[in-house]
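A.B. asks: Chain by chain, the residues run as shown.
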Amino acid sequence: GQQLNQSPQSMFIQEGEDVSMNCTSSSIFNTWLWYKQDPGEGPVLLIALYKAGELTSNGRLTAQFGITRKDSFLNISASIPSDVGIYFCAGQLSAGNNRKLIWGLGTSLAVNP
Amino acid sequence: DSGVTQTPKHLITATGQRVTLRCSPRSGDLSVYWYQQSLDQGLQFLIQYYNGEERAKGNILERFSAQQFPDLHSELNLSSLELGDSALYFCASSAPSANTGELFFGEGSRLTVL
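Which chain is which? The protein sequence lines are W and D, in order.
So for the first sequence, my numbering puts the first residue at 17; every next one is plus one.
So for the second sequence, my numbering puts the first residue at 160; every next one is plus one.
If you are wondering where the hints come from, they were derived from the structure by calculation, not from laboratory data.
All clues stand as given, with none of them false.
According to the in silico footprint, chain D covers these stretches of chain W (three or more CB under 8 Å from chain D):
1) 56 to 70
2) 97 to 109
3) 117 to 128
From a predicted model like this one, the values you see are computed outputs, not experimental measurements.
Where a beta carbon is used, it is the ideal one built from N, C-alpha and C, also for glycine.
Isolated chain W, as found in the complex (with noise of 0.2 Å):
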């Protein structure tokens, strides 16, 4: 099935650094969202975008709609050990429509204390 480009695949970093990750698409998105799964769990949304050009803050964690609506990023700023899991982006591709939920493969995030 379709699915988008998300990268980095996986990172491994030190506690306190900065993260960026990011997704694309060929198609054009309503909505991004961005969901983390800690092991053993389910995903758990984080944040949601409605609009190109949004730009929202859940704490550490900021995402943006991009501008083409083709394209997302998620940063964590002053990264923690319990930042650990993967963090997936997904791309709704009409609004009211939650069945046309496109997903990124998911970036591994490690975290060194």
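Position chain D relative to chain W; hints supplied.
C.D. replies: Here is chain D on its own, set in the frame of chain W:
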């Protein structure tokens, strides 16, 4: 705790067998989604139900089927199991008014086919 309940958490079975995974959505949510997660494939959408009716189908094999019951819980049936069916199966639900892709996931059912 997302409010979505999945059982069983772990399941080990043999090839050729059939299993049923169960999901209870968050209270008030009408939509249930099933996803398969394997190491090399990420999250693969299988199927969605809304208030008892099939709403969308993704990459669901013919050997797999699902239904949503009047009390809104859902079951995913996997039959003629193959080694490649070993994966994490997630259920998610969404609020009736949500048109934004905001899903609440359960903790998953880990299926191992030997």
